[in-house]
Amino acid sequence: MLEEHFLEQDAVFRIGRVISVDGRRVRVAVDKLKNNSHLLHRGNVVRNVSVGGYVKITKGFAELVASVDGEHVIEDHTSSRQYGRSADSVRRELEVNLIGYLEGGVFRRGVQEMPLLDNQCFILSEDEFTAIHAFVDEPERALVLGELATEPTQSVLVDVDEIFASHVGIFGNTGSGKSYTLAKLYHELFEKFGDLPGFRGRARFVIIDFNGEYVDREPSPEDDRSTSVIAGRRYKNSIVLSTRRDDADKIQLPAEVIGNPLFWTVLLDATEKTQAPFLARVLESDYWDRQLNHPEDLLAILADMVDRATSSTDNGVDRQTVLNLLSEVQTCLGAAPSRALTDLMDDLRQNLHYNATTRQFYWGSWGPTYVTSDHQDWKALTSDKVRGLAVDFSQIQRGIDLIRFKIVLQYYSDIISGFSNREHLSPLIKRMETRVPDIKKLVVVQEGNTYEPPLLVVSLRDVNLAMRKVIPMLLCKYLYDAKKDQDPEGQTLLNLVIDEAHNILSFDSSRESEAWRDYRLETFEEIVKEGRKFGVFLTIASQRPHDISPTIISQLHNYFLHRLVNDLDIRAIEKAVAYLDRVSFESLPILPTGTCVVAGIAAQIPVRVMVGALEPRYTPNSQTIEVVKAWTSPFAPSEPSLPTDLVDGGSPTEQAVSDFDWQ
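Read the sequence shown against the numbering used here and you will find it ends at 1549, with the numbers running on by one and no gaps.
The hints are simulated quantities; they were obtained by calculation from the structure and are not laboratory data. By construction, the Cβ of each residue, glycine as well, lies at the ideal position given by its N, Cα and C atoms. Any given hint could turn out to be false.
Label-pair restraints from in silico Cβ distances [unchecked claim]:
id : residue 1 : residue 2 : range
1  : Ala-1266  : His-1180  : 17 to 25 Å
2  : Ala-1516  : Arg-1225  : 15 to 23 Å
3  : Ser-906   : Gly-1087  : 53 to 61 Å
Cut-off 30 Å, straight-line C-alpha distance, at most; resulting in silico cross-link-like pairs (DSS-like, lysine-lysine) [said to hold, decoys possible]:
id : residue 1 : residue 2
4  : Lys-918   : Lys-945
5  : Lys-1415  : Lys-1159
6  : Lys-1316  : Lys-1370
7  : Lys-1326  : Lys-1136
8  : Lys-1419  : Lys-1461
9  : Lys-1271  : Lys-1316
10 : Lys-1370  : Lys-1078
11 : Lys-1370  : Lys-1159
12 : Lys-1326  : Lys-1265
13 : Lys-1419  : Lys-1078
14 : Lys-1370  : Lys-1326
15 : Lys-1327  : Lys-1370
16 : Lys-1316  : Lys-1159
17 : Lys-1326  : Lys-1159
18 : Lys-1370  : Lys-1415
19 : Lys-1316  : Lys-1136
20 : Lys-1327  : Lys-1316
21 : Lys-1370  : Lys-1136
22 : Lys-1316  : Lys-1326
23 : Lys-1136  : Lys-1271
Could you build all of it, start to finish, from the sequences and the hints given here?
Shown next, in the form of structure tokens:
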């Protein structure tokens, strides 16, 4: 009876034979009785083979599995036209691509051997179909991602080791569901492993969140429960950065990181030839640190700099140089500046002048009573006043303020002495004036790691554009270097997740220097190429894979591909994902929201997955706005609205019309 059952099953499931073998590409002639969309077997409806499905080719005892990439209708010249139907004169052929083989009921990816002509081809049985889509051998390592888009009854499980011990790329246009997929993966991970002591002690996950999508939300009128995006708050800590507020959260970094020349080279976008060596020379020296311990000596140095500046005939040193020097010192003193120093600066602004024709400083109004720099009383009017100041330099704490103070003093010392070119270094000081206040709002010097929960979300939503590029790279570089130094054998796990990765991983950018771009890309390329050896893995999510460095894209192990409509983005994926079949590529522009193509080492074959649902409180803050629902709902005065008081008098529309340049 068992033999009759298999014979009957083979008779029903057999669909044709191999007629052509060209490498991995095989053509199968379909039996003319198997051209219906469905077949009947023991009262059950069996879906017939179609494009995007799979078939089994038997070669002796070997069972080869191939994906169906296309089908064609060929005129059959061997059929008799004297009698019979016109349909009998055509033959259906399938174009299939070998992807693996079945061994003992288990699917193995890869081509072990090639089929022969006239080998029989079959539809997969239910058990064989399940075996192909069984990506996890051990249930305790499985996470539920969703269901097959073509077969909703078939759940798709992914292996924790294959996903979280690998580099992952999640790509898709805005609104396609990539943020939801990222949240789904990490939610399932924390639901399964979050309470295990080994997980909490050995795993760290850092999400660089550019748009605040993974920060917990306030309860809404529809759902008054507390919301915890991705995971509960016992697993998660959020840092909401802001360059607009002084009281916002800050990233904690140790003093050695703040004092690293590389930190300031990146922060100030220092040029490679002149500015970066200057920063390295300043920060690797302890000269100014020693002077701070002796305020009298430091004031003597400042007085000597003022004396040499006001006695110089160099065109690069003028009255403003002296005023800028003292102003920078005043700024470095912090929120409680010296009153004596302020009074001295006011005195210098009123009485110190410079004659560009004679290249000479003078004191007082131009006329018979003025005093020149070669007068015997000159030092008493200028440098001696600096030497006699009562300034408390202890207010300059270690960290960013101290570094800025050292850079400022060394810069003016070099300029006044003629050791450095002012034109080369002055742009560095100008950038420091704007970026140091910003970085002080984002970073604080703190020894030790106080982030106990395994998941850390760093929100950059309220951070300006300059710091958006700097902070992620500085943080990732610090975490990667610290992981290599403290755990070279990779006993712990560090996952860096970069949402909207095109913001910092773009290959082409017109707003930055080539040296800065190369350094930025080399940092992340090193992580993606060498991080696996140290237990550091990278997950990137982006709308534009074409903008991201091809090196980074090609080194990813797993891909979750949502809807991509731009041809350049699709080509970038096509070049990087060698094992993605043609049907999957062609489906990328038409994938529905929430459906993605999973490909990589975690999936034995590329599959289209409908990502499973999350509870509303765990979903990211990226929901598409329902404009009709919003516009037809009552408007409460307490709700945020667009500004209407743009100008004094008249409506914004009237002002816009009046300001329009009709010429």
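Quick rundown of the hints versus the structure:
{"no.": "1", "hint": "Ala-1266 x His-1180: 17 to 25 Å", "verdict": "holds (24 Å)"}
{"no.": "2", "hint": "Ala-1516 x Arg-1225: 15 to 23 Å", "verdict": "violated (55 Å)"}
{"no.": "3", "hint": "Ser-906 x Gly-1087: 53 to 61 Å", "verdict": "holds (57 Å)"}
{"no.": "4", "hint": "Lys-918 x Lys-945", "verdict": "holds (22 Å)"}
{"no.": "5", "hint": "Lys-1415 x Lys-1159", "verdict": "holds (28 Å)"}
{"no.": "6", "hint": "Lys-1316 x Lys-1370", "verdict": "violated (35 Å)"}
{"no.": "7", "hint": "Lys-1326 x Lys-1136", "verdict": "holds (9 Å)"}
{"no.": "8", "hint": "Lys-1419 x Lys-1461", "verdict": "holds (25 Å)"}
{"no.": "9", "hint": "Lys-1271 x Lys-1316", "verdict": "holds (28 Å)"}
{"no.": "10", "hint": "Lys-1370 x Lys-1078", "verdict": "holds (28 Å)"}
{"no.": "11", "hint": "Lys-1370 x Lys-1159", "verdict": "holds (29 Å)"}
{"no.": "12", "hint": "Lys-1326 x Lys-1265", "verdict": "violated (37 Å)"}
{"no.": "13", "hint": "Lys-1419 x Lys-1078", "verdict": "holds (26 Å)"}
{"no.": "14", "hint": "Lys-1370 x Lys-1326", "verdict": "holds (27 Å)"}
{"no.": "15", "hint": "Lys-1327 x Lys-1370", "verdict": "holds (28 Å)"}
{"no.": "16", "hint": "Lys-1316 x Lys-1159", "verdict": "holds (18 Å)"}
{"no.": "17", "hint": "Lys-1326 x Lys-1159", "verdict": "holds (27 Å)"}
{"no.": "18", "hint": "Lys-1370 x Lys-1415", "verdict": "holds (14 Å)"}
{"no.": "19", "hint": "Lys-1316 x Lys-1136", "verdict": "holds (24 Å)"}
{"no.": "20", "hint": "Lys-1327 x Lys-1316", "verdict": "holds (18 Å)"}
{"no.": "21", "hint": "Lys-1370 x Lys-1136", "verdict": "holds (24 Å)"}
{"no.": "22", "hint": "Lys-1316 x Lys-1326", "verdict": "holds (16 Å)"}
{"no.": "23", "hint": "Lys-1136 x Lys-1271", "verdict": "violated (40 Å)"}
Hint violations for this structure: numbers 2, 6, 12 and 23, all remaining hints satisfied.
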